[in-house]
Amino acid sequence: MNKKDIIICRCEDVSLEDLHNCLEEGYTTFEDIKRILRIGMGPCQGNTCGLLAQREIAKYLKLPLSQVKVHKVRPLITGVKLKAIVENNKNES
Amino acid sequence: MKANIVIIGGGISGVAIAYNLAKKGMKDIVVFDDNYMTGGATGRCGAGVRQQWGTKGNCIMAKMSVDFFETAQEELQYHRDIEFKQEGYLIVATNKEEDEQFAKNVILQNSVGIPAKQLSLEEALEIVPHLNKDIVTSATFCNTDGHLNPFLMTDAYYHAAKRLGVKFFYNEKVTDIIVENSKITKVITKNYEVITNKVVNAAGGFSYEVGQLAGVELPVYSENHEILVTEPIEKIQGPMVISFSKNIYCQQVPHGSFIMGRSDLDVERGHDIGSTHKFLDEMAKTAVNLLPPLGDLRVIRQWGGSYNVSPDRQPIIGDTDQLEGYYLAVGFSGHGFMFAPMTGLLVSEVILGLPTTIDITDLHIDRFKNNETTEYEHSVV
Ligand SMILES: Cc1cc2nc3c(=O)[nH]c(=O)nc-3n(C[C@H](O)[C@H](O)[C@H](O)COP(=O)(O)OP(=O)(O)OC[C@H]3O[C@@H](n4cnc5c(N)ncnc54)[C@H](O)[C@@H]3O)c2cc1C
Numbered sequence: 020m021n022k023k024d025i026i027i028c029r030c031e032d033v034s035l036e037d038l039h040n041c042l043e044e045g046y047t048t049f050e051d052i053k054r055i056l057r058i059g060m061g062p063c064q065g066n067t068c069g070l071l072a073q074r075e076i077a078k079y080l081k082l083p084l085s086q087v088k089v090h091k092v093r094p095l096i097t098g099v100k101l102k103a104i105v106e107n108n109k110n111e112s
Numbered sequence: 004m005k006a007n008i009v010i011i012g013g014g015i016s017g018v019a020i021a022y023n024l025a026k027k028g029m030k031d032i033v034v035f036d037d038n039y040m041t042g043g044a045t046g047r048c049g050a051g052v053r054q055q056w057g058t059k060g061n062c063i064m065a066k067m068s069v070d071f072f073e074t075a076q077e078e079l080q081y082h083r084d085i086e087f088k089q090e091g092y093l094i095v096a097t098n099k100e101e102d103e104q105f106a107k108n109v110i111l112q113n114s115v116g117i118p119a120k121q122l123s124l125e126e127a128l129e130i131v132p133h134l135n136k137d138i139v140t141s142a143t144f145c146n147t148d149g150h151l152n153p154f155l156m157t158d159a160y161y162h163a164a165k166r167l168g169v170k171f172f173y174n175e176k177v178t179d180i181i182v183e184n185s186k187i188t189k190v191i192t193k194n195y196e197v198i199t200n201k202v203v204n205a206a207g208g209f210s211y212e213v214g215q216l217a218g219v220e221l222p223v224y225s226e227n228h229e230i231l232v233t234e235p236i237e238k239i240q241g242p243m244v245i246s247f248s249k250n251i252y253c254q255q256v257p258h259g260s261f262i263m264g265r266s267d268l269d270v271e272r273g274h275d276i277g278s279t280h281k282f283l284d285e286m287a288k289t290a291v292n293l294l295p296p297l298g299d300l301r302v303i304r305q306w307g308g309s310y311n312v313s314p315d316r317q318p319i320i321g322d323t324d325q326l327e328g329y330y331l332a333v334g335f336s337g338h339g340f341m342f343a344p345m346t347g348l349l350v351s352e353v354i355l356g357l358p359t360t361i362d363i364t365d366l367h368i369d370r371f372k373n374n375e376t377t378e379y380e381h382s383v384v
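Just so you know, the sequences run in chain order R and A.
The first sequence runs 20 to 112 under the working numbering.
The second sequence runs 4 to 384 under the working numbering.
Pulled out of the complex, with its shape left as it was, chain A reads as follows (with noise of 0.2 Å):
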C-alpha cells in the first residue's frame, strides 16, 4: 500500500486532522488505530466543552473549536445527533485567592470574545440551586461552553472523513516506522507495510512510544484519570460544576446520567487505566460534599482512562526538526476532546505548508527549548 501520509491514532484528534486534510483535498490518506473507535482516551472522557481557560492559547483554541461544534452536525452531514448541549460551566471559588485569579481569568476570556461572566454566590445558586453554599464563594460561568457526545463525534469525522476517501484500519497497530536517510520511508502495521513519506503522530496515551518508532523524543507522559457514572434521573442539573480547589468536574448529560471525576494527586506514570476504590471513595465524598442531593443517586460503573501529559499542560502541535515529515497532535493534558476542531484544523494546515489560521508559536513543540517563556494552564481538573 500507498500513502500520501499515515495518521497513526484514530481518536477525535485522528479523525479530525483526517476529514481536514481529505476536505482541504489531500488524497491517499490512512489511518490506523490499535483498537476499537473510541478505544483510547476518546471513549473515556467527560467531554465536557469549555472555553473559560487561563492561557490565552487555551481560550482561543477553545472559543474556535465551539464555534465549530456549533455548525458540526451540518458540516459534517452526521446521520445521527452528536448531541451537543451548551448550557454552560459553571466554575466554583472556594476561596479567596481563587475569586481573584478567576476574575483576572474572565478579563482575559472576555478579550478573546468568550462571553464568560464572574457571579456571586447568590447568582450561582439560581443557575445551580443544589450547590452548596457553605462552601462556594463565588463563581464564573459561560453559557455557550457545554457537552457533547464523544462517541457520536468521533463517528461523525469519521463517516464524512471517510465519504472524502479517508482509509481507516481499526484493530490494526503500527509497529514500526522506517526512516532512511533522515526520511520516512515505511509505516509498519500489524498487518500491513505502507511507503509514505509523511507520518501524524495523534497516539495519545501511546504517543510518547509512536515518537521512539521514529526516533522522536517527546515531552509528554501518560497518567490514568478515572470517572464514574451514575443512574439516570429528570434533568436537575444544566451546566457542567466544576473547582479547582475542590478537584472535581460534574454533570448530568443528556440522557439523564452524571458524569463526575477528579485527579488523583498521587497516580504513578504510565499505561495503567484501571478502577480504584480510592478514587470511588473520594469521589463520592468530593461530589456529596458540593452538591449534597446527588448522595441519592447509584453510581453504575467506574472507569479511567490516560491523560497525556505535556510540561505546561497545553498541547503539542505542529512538525518538529527531529525529523521532516513527522507531526505532531500529543499532550493533550486532560482537555483534547474539545480542542480536537482546532487540531485537525492547525496540523492540516502545518502538513499542507498554509499559513495556520492562528498563531501556533506556543503550541509548537520548540516552546520547550526555551522554558522561560512557557505559561503554565493551572485551570485544570
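If we strip away everything but chain R, and leave its shape as in the complex, we get (with noise of 0.2 Å):
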C-alpha cells in the first residue's frame, strides 16, 4: 500500500509518509516529531499512534522498541468538558 494512505495519527491525519519524512530530516524522538507533525497531541493523546510511531522510530534508528520513548503521560486521561468540571466542584461544596 501508497505510504501516503497509510495513516499513523488519526487525530491528526499524519501518514506513514509524513513520519519517514520527518524521520529523514532528522527529528528521530517522539516528543520532536510530536512538536513537527502534531503526533500525540490530539484527542487520543498517543494512545492510538504511540506505539506505532514507537515502531517506526526503532525501525529507522535500528534500535530494540523499549529504548524509544513515548511522549509523557499527563492528565487529563479522557475529553472532559470544562462545564463538567465547573459543575462538579459546585456540587462537592
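Honestly, the hints are just simulated from the structure, not real lab data.
Hints are supplied without guarantee of correctness; some may be wrong.
As the list claims (entries may be wrong) - Calculated lysine to aspartate or glutamate pairs in the EDC-like style (CA-CA distance at most 16 Å, straight line):
#1 Lys165(A) / Glu75(R)
#2 Lys88(R) / Glu75(R)
#3 Lys193(A) / Asp179(A)
#4 Lys281(A) / Glu106(R)
#5 Lys100(R) / Glu285(A)
#6 Lys102(R) / Asp299(A)
#7 Lys91(R) / Glu271(A)
#8 Lys288(A) / Glu106(R)
#9 Lys100(R) / Glu327(A)
#10 Lys102(R) / Glu234(A)
#11 Lys100(R) / Asp70(A)
#12 Lys170(A) / Glu183(A)
#13 Lys100(R) / Asp299(A)
#14 Lys372(A) / Asp324(A)
#15 Lys186(A) / Glu327(A)
#16 Lys102(R) / Asp284(A)
#17 Lys88(A) / Asp102(A)
#18 Lys102(R) / Glu285(A)
Join these two chains into a complex; the hints should help.
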C-alpha cells in the first residue's frame, strides 16, 4: 500500500509518509516529531499512534522498541467538558 | 572543540541569538541544550504575541519583534508555515481602575507606534460576541497582535542558523564553566570540552543555576505556570482574550483548539512543572465565567512550564560586570517568546560590541543596583 494512504495518527491525519519524511529530516524522538507533526497531540493523546510511531522510530534507528520513549502521560486521560469540571465542583461544596 | 562563543540553551532565545550572531558574520558558534528542541518553556508556552504593554521598554521590544515576525517566513526561508496569525489581542477590563489604567496604557502604546485602541463593551462584543457582558466593563484591542506556532518558529531559526554554520547539540547538558583569572576558558558538557572565552546564558528556567556555574549571581527564580488545550472546533474566536484582574488568557489557535492559562498566586518557587487539579478547576471556572460557551469544549491535555521571573518582570539582557565574556538573556517573566527576535538582535549587538538598536539601559542587569528607578510591569498574567 502507498505510504501516503497509511494513516499513523488519526486525530491529526498524519500518514506513514509524513512520519518517514520527518525521520529523514532528522527528528528522531517522539517528542521532536510530536512538535513538528502534532502526533500525540489529538484527543487520543498518543494512545493509538504512540505504539505505531514508536515502532517506526525503532526501525529507523535500528534500536529495540524498549529504548524508544513515547511522550509523557499528562492529564486528562479522557476529554472532559470545562462545564463538567465547573459543575462537579459546585456539587461537592 | 574550540568555539568563539557557546550559547547555553537552545530555546527560542538561544536560537534567535545564534542566528543573529551568525548573520552578522560570527563563526564557530556552538549551542548546547539539555533537552530535545523546545523541551523548555518555549515548547510549553501559549505563544501569544502582543504589543499592549504597560512599560515603554516592553512596548518597544514587542513592537519591533512583531515587525520581525511579519517577515520571518521570508527572512529565515523556512520550508514549513510558522502559522503567524494576526487577529489581535482583546484585553478586557472588569473594573473602573482597569478602565483608567488601560486608557493610560493605550496612550503609551500609541506613542511608540502601536495601533492599540480603547473600546466600549459594545465594541468589544462586536469582536468577541461570546464575552460575558455582565463582567466586562471595557477593553483595549490591537489588531496586529497575535499568535505563532512556537515549535515551528524555533525550528525556523534553528534551520536558518544551521545553514549559516552554527553547530547545535541537543540533549547535551552543560555541567561546568571554567573561569581562570576572571576569564572564561572552557565550557564542559556531558560529552565535550569546549575551549572558549564567551558564554551566553539563555537557559530559561535554569538560568540561575547556569549563572552559578560561572559564579555569576542572577536575581531570578523559576515558577510553574500551567496551561491546557481543548479539542479543536470550527473557528469562533479571532483574537486572544486576556484579563489581568480575572487572571486568564485564552485563544483559539489556527488548528481550532483553544489554549488557555492562568497564574497560581500561591505557587512555590522551583523547578516543578507538574499538572494539578487545582489549576484545572480554577481555569475551568474562570474561562466559563468570562467566555460562557467554552463550557461545551472538552479538555484534552494540561501541562506546565517555567516562568523565569525577574524583580521587575522585564527581561535581563546584555553583559555583566561580574564576569567578562558572560552574556545574559534571562528573566523573561512569562513573555520571552514574543520578545525573542529583539533578544536575538540586542544580545548579538552587545556581544559584537556594536551600538544597540534600542537603548538597553532598562534591560541591563545593572538596573537592579539602584532599585528606585525600576519600572514595574503590571500587565501580566
Ligand atoms: C504556560 C506558559 C505560557 C506562556 N505563554 C507565553 C506567551 O503567550 N507569550 C510569550 O511571549 N511567552 C510566553 N511564555 C514564556 C515563554 O515560554 C518564555 O519566556 C520563553 O519561551 C523563554 O525562552 P528561552 O529560550 O529563554 O527559555 P527556554 O525555552 O526554557 O529554553 C532554555 C533551554 O535551556 C536549556 N538548559 C537549561 N539548563 C541547561 C544546561 N545546564 N545545559 C544545557 N542546556 C540547558 C533547557 O533545556 C531549555 O531548552 C509562557 C510560558 C509558560 C510556561
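Here's how the hints hold up against the structure:
{"no.": "1", "hint": "Lys165(A) / Glu75(R)", "verdict": "violated (27 Å)"}
{"no.": "2", "hint": "Lys88(R) / Glu75(R)", "verdict": "holds (12 Å)"}
{"no.": "3", "hint": "Lys193(A) / Asp179(A)", "verdict": "holds (9 Å)"}
{"no.": "4", "hint": "Lys281(A) / Glu106(R)", "verdict": "holds (14 Å)"}
{"no.": "5", "hint": "Lys100(R) / Glu285(A)", "verdict": "holds (14 Å)"}
{"no.": "6", "hint": "Lys102(R) / Asp299(A)", "verdict": "holds (6 Å)"}
{"no.": "7", "hint": "Lys91(R) / Glu271(A)", "verdict": "violated (23 Å)"}
{"no.": "8", "hint": "Lys288(A) / Glu106(R)", "verdict": "holds (9 Å)"}
{"no.": "9", "hint": "Lys100(R) / Glu327(A)", "verdict": "violated (54 Å)"}
{"no.": "10", "hint": "Lys102(R) / Glu234(A)", "verdict": "holds (14 Å)"}
{"no.": "11", "hint": "Lys100(R) / Asp70(A)", "verdict": "violated (38 Å)"}
{"no.": "12", "hint": "Lys170(A) / Glu183(A)", "verdict": "violated (25 Å)"}
{"no.": "13", "hint": "Lys100(R) / Asp299(A)", "verdict": "holds (6 Å)"}
{"no.": "14", "hint": "Lys372(A) / Asp324(A)", "verdict": "holds (12 Å)"}
{"no.": "15", "hint": "Lys186(A) / Glu327(A)", "verdict": "holds (6 Å)"}
{"no.": "16", "hint": "Lys102(R) / Asp284(A)", "verdict": "holds (10 Å)"}
{"no.": "17", "hint": "Lys88(A) / Asp102(A)", "verdict": "violated (27 Å)"}
{"no.": "18", "hint": "Lys102(R) / Glu285(A)", "verdict": "holds (12 Å)"}
Against the hints set out earlier in the document, violations occur for numbers 1, 7, 9, 11, 12 and 17.
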